[in-house]
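Participant: Residues per chain are reported as follows:
Protein chains: 2
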Amino acid sequence: MIGFTYSSPTHIVFGTNTVSQVGTLMKPYAKKVLLHYGGGSVKRNGVYDTVVTSLKEAGIAIVELGGVVPNPRYSMVETGIELCKKEQPDAILAVGGGSVIDSAKAIAGGYYLEGEDLWEDYFVAHRKVTKALPLGVVLTIPAAGSETNSGTVITNDVTHYKMSMGANCLIPKFAIIDPSIHVSLSKYQTACGCADIIAHLLERYFTNTKRVDYTDRLLEASLQTVIYNLPRVLENPNDVDGRAELAWCGTLAHNGLLGKGREEDWASHGLQHELGAIYDINHGEGLAVMFPAWMKYVWKQDPKRFVQYATRVWGVQMAEHDEEAIVMEGIYRTEQFFKRCGLRTRLSEMDIDDTKFEEMAEKFVFCGKTGKFVKLTKEDAVEIYRLAQ
Amino acid sequence: MIGFTYSSPTHIVFGTNTVSQVGTLMKPYAKKVLLHYGGGSVKRNGVYDTVVTSLKEAGIAIVELGGVVPNPRYSMVETGIELCKKEQPDAILAVGGGSVIDSAKAIAGGYYLEGEDLWEDYFVAHRKVTKALPLGVVLTIPAAGSETNSGTVITNDVTHYKMSMGANCLIPKFAIIDPSIHVSLSKYQTACGCADIIAHLLERYFTNTKRVDYTDRLLEASLQTVIYNLPRVLENPNDVDGRAELAWCGTLAHNGLLGKGREEDWASHGLQHELGAIYDINHGEGLAVMFPAWMKYVWKQDPKRFVQYATRVWGVQMAEHDEEAIVMEGIYRTEQFFKRCGLRTRLSEMDIDDTKFEEMAEKFVFCGKTGKFVKLTKEDAVEIYRLAQ
Numbered sequence: 108m109i110g111f112t113y114s115s116p117t118h119i120v121f122g123t124n125t126v127s128q129v130g131t132l133m134k135p136y137a138k139k140v141l142l143h144y145g146g147g148s149v150k151r152n153g154v155y156d157t158v159v160t161s162l163k164e165a166g167i168a169i170v171e172l173g174g175v176v177p178n179p180r181y182s183m184v185e186t187g188i189e190l191c192k193k194e195q196p197d198a199i200l201a202v203g204g205g206s207v208i209d210s211a212k213a214i215a216g217g218y219y220l221e222g223e224d225l226w227e228d229y230f231v232a233h234r235k236v237t238k239a240l241p242l243g244v245v246l247t248i249p250a251a252g253s254e255t256n257s258g259t260v261i262t263n264d265v266t267h268y269k270m271s272m273g274a275n276c277l278i279p280k281f282a283i284i285d286p287s288i289h290v291s292l293s294k295y296q297t298a299c300g301c302a303d304i305i306a307h308l309l310e311r312y313f314t315n316t317k318r319v320d321y322t323d324r325l326l327e328a329s330l331q332t333v334i335y336n337l338p339r340v341l342e343n344p345n346d347v348d349g350r351a352e353l354a355w356c357g358t359l360a361h362n363g364l365l366g367k368g369r370e371e372d373w374a375s376h377g378l379q380h381e382l383g384a385i386y387d388i389n390h391g392e393g394l395a396v397m398f399p400a401w402m403k404y405v406w407k408q409d410p411k412r413f414v415q416y417a418t419r420v421w422g423v424q425m426a427e428h429d430e431e432a433i434v435m436e437g438i439y440r441t442e443q444f445f446k447r448c449g450l451r452t453r454l455s456e457m458d459i460d461d462t463k464f465e466e467m468a469e470k471f472v473f474c475g476k477t478g479k480f481v482k483l484t485k486e487d488a489v490e491i492y493r494l495a496q
Numbered sequence: 108m109i110g111f112t113y114s115s116p117t118h119i120v121f122g123t124n125t126v127s128q129v130g131t132l133m134k135p136y137a138k139k140v141l142l143h144y145g146g147g148s149v150k151r152n153g154v155y156d157t158v159v160t161s162l163k164e165a166g167i168a169i170v171e172l173g174g175v176v177p178n179p180r181y182s183m184v185e186t187g188i189e190l191c192k193k194e195q196p197d198a199i200l201a202v203g204g205g206s207v208i209d210s211a212k213a214i215a216g217g218y219y220l221e222g223e224d225l226w227e228d229y230f231v232a233h234r235k236v237t238k239a240l241p242l243g244v245v246l247t248i249p250a251a252g253s254e255t256n257s258g259t260v261i262t263n264d265v266t267h268y269k270m271s272m273g274a275n276c277l278i279p280k281f282a283i284i285d286p287s288i289h290v291s292l293s294k295y296q297t298a299c300g301c302a303d304i305i306a307h308l309l310e311r312y313f314t315n316t317k318r319v320d321y322t323d324r325l326l327e328a329s330l331q332t333v334i335y336n337l338p339r340v341l342e343n344p345n346d347v348d349g350r351a352e353l354a355w356c357g358t359l360a361h362n363g364l365l366g367k368g369r370e371e372d373w374a375s376h377g378l379q380h381e382l383g384a385i386y387d388i389n390h391g392e393g394l395a396v397m398f399p400a401w402m403k404y405v406w407k408q409d410p411k412r413f414v415q416y417a418t419r420v421w422g423v424q425m426a427e428h429d430e431e432a433i434v435m436e437g438i439y440r441t442e443q444f445f446k447r448c449g450l451r452t453r454l455s456e457m458d459i460d461d462t463k464f465e466e467m468a469e470k471f472v473f474c475g476k477t478g479k480f481v482k483l484t485k486e487d488a489v490e491i492y493r494l495a496q
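From first to last, the protein sequence lines stand for chains A and B. Read in the numbering used here, the first sequence has 263 at position 156, and its numbers run on one by one without any break. Read in the numbering used here, the second sequence has 280 at position 173, and its numbers run on one by one without any break.
Source of the hints: derived by calculation from the structure; they are not laboratory data. A portion of the hints provided could be inaccurate.
All copies of an identical chain are treated as equivalent in the list; a pair is satisfied when it fits inside any one copy or across any two copies.
Below, a list of computed lysine-lysine pairs in the BS3-like style, where the Cα atoms sit at most 25 Å apart [unchecked claim]:
1. 150 - 294
2. 411 - 317
3. 238 - 134
4. 280 - 238
5. 482 - 317
6. 280 - 235
7. 235 - 134
8. 403 - 192
Please work from the sequences and hints to get the whole structure.
Facilitator: Here's what the structure looks like:
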């Protein structure tokens, strides 16, 4: 295990019918909030009304900015910052999933900058913002884990680069996680969210750090929770108990806890980000494509770790001398699980051919998330895109 | 799963050679600290010197109060409060294990009280303190989990009652967890600490709450981590990597996280507290005695949960129709594990006879920790003490 620091200061309110607490939770931070949301599903499922009523009851004025799209755009962030400079809210409330929360974080962090370029100086040059508008969250889909962590991932609509930024001041002050509002998610959205959760776990699982028994076990426990509950929820979308399991797992999968003391990889996310920046596919489904391909390419780096993954997570029991067969069975079952949950796992199923492999591999290397388990070159990236065909 | 709130605000600094950061970590809170510690082991193993040097380098003045004993005493808490009222430190630094941290929390919480009785009004009548001196921790033994939670357990030396108190203001501001300083612990101390950790996990594991797959898995992962690492550390006390696994597990086992969304039991702790208040046995070893006895008494409440425990945690694979055999094998392996680690698991081994069973059972019921999985009466408690003979 390697040394680390950890805290998880976000005040999490978890449970059925908790959305109406948002006014009370926001009141210490704001007399006026920017209410940030996505494409309108929050209006159809009633969450928007509950939020607005609760904020009004708490005497909090509202400035609205809806329309955040998946793979959230930098142009929206700029709009948000401009709106905040004009309207001067005291805080931001993100009502949505990872895209909305990430957009809100970028606005919160960009709000106080003067004479600096948020994109070039912070997203590209990795400077860290030190001051941000306080942020609250109502989580509408378990997936990104952005509700309690410090990171944001934004796509530049002009350059098609997808970049990330992180800072402690971006950690949400509170997060409402109400699994009963997740029942309105489609099966596809639910599955994509869980593919993202699985990917967050796997990015941490495949590490070169030795003696990380505890976090290995916690990651396996988390993977098994998704593997058990996701098919049940897809069969019965109103299974709030199952959705609660997925939601709590989604939060812990990416709030930093499960990667403490170990090096993390993140190449598969890097490979997916380039896909997403060009083809605008769903982030979770993109990961369901890239992760099995990545596994097939890198497993020889540490076959024993892949054997442990296959046996402990997927219950593979095969002749121990045939390491490769066990490893491949683990990867096969991973891919088959995504398929069973209705996700595509190959680029060819998405009508993506090899035309842009070189371009994506080039950007992949430029963006720097090239992996710690195995550090990938541009050529490696092209090979992995080929394996994903 | 049931609804909950959660945050873990303590800034944890984990890793080898981190004790010397204590001055820097304390500086934002204090120009003068009460340095609170136990019986002198911190002086023998060098931790005291490292702490004092670091505090001095940070320009922090020190008032000392050593001498905290296991099952920390209320008389020491009173001494500490008096000393703080005289010396006016800005914060308390606890250098020790659960006893020292709990003593420090009680002093921190009692410091601001005026015209109220800390013992009667807060420990006995469960009022919650709202203001406390800021507290920092250097953890010298993984066991109690007190380093990141809000609770304190104190024994009244006059009445022999062991009572607890909890409040958010008692949560430590920072906790240094340096596994390299744990190598000086004796095998017995190490094993007792881990028995406490196991008990914290089991108190949460045995629940009547349904659909708690995720926390079940996380608890099993934690149990397996102790089961794997403790014997290795006992064989090789200088195995800092193994000690790191135990330390991180000990913190997460009792910071609230693993019990979120489920009812917890705590009867075994209650039964042990009465033992500890009268016989002054080690808390962890007392739990190694009481938990198997409690299990034998209550398993019929939910045989399937005990089967899950036996199969998932201990790998019991027996004919599925014979539920009782599987359950008993799981309990047997629990007890044998404690024995293997050098702990006594029966009262008779501690020369404790049945003379005080009635008295302890009476106090057990009075103190209120009578269990949620099965709510125990005084008669039940006597029966469990008999099973522990």
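Participant: My question is about residue 280 and residue 238: at a cut-off of 25 Å on alpha-carbon distance, are they close within one copy, between copies, both, or neither?
Facilitator: both (14 Å within a copy, 21 Å between copies)
Participant: At 25 Å max between alpha carbons, let me know whether residue 150 reaches residue 294 within a copy, between copies, both or neither.
Facilitator: within (19 Å within a copy, 61 Å between copies)
Participant: State whether the alpha carbon distance between residue 411 and residue 317 is at most 25 Å within one copy, between copies, both, or neither.
Facilitator: For residue 411 and residue 317, the Cα distance is within 25 Å only inside one copy (12 Å; across copies 36 Å).
Participant: One pair to classify: residue 482 and residue 317, alpha carbons no more than 25 Å apart. Within, between, both, or neither?
Facilitator: Within. Shortest intra-copy distance 18 Å satisfies the 25 Å Cα cut-off; inter-copy 44 Å does not.
Participant: For the identical chains here, do residue 235 and residue 134 meet the 25 Å Cα criterion within one copy, between copies, both, or neither?
Facilitator: between (28 Å within a copy, 24 Å between copies)
Participant: Classify it for me, residue 403 with residue 192: is the Cα-Cα distance of at most 25 Å met within a copy, between copies, both or neither?
Facilitator: neither (49 Å within a copy, 65 Å between copies)
Participant: I want to check one pair: residue 280 and residue 235. Are their C-alpha atoms no more than 25 Å apart within a copy, between two copies, both, or neither?
Facilitator: both (18 Å within a copy, 24 Å between copies)
Participant: Evaluate residue 238 and residue 134 at a C-alpha cut-off of 25 Å and name the case that applies: within, between, both or neither.
Facilitator: both (20 Å within a copy, 22 Å between copies)
Of the hints listed earlier, the one the structure fails to meet is number 8.
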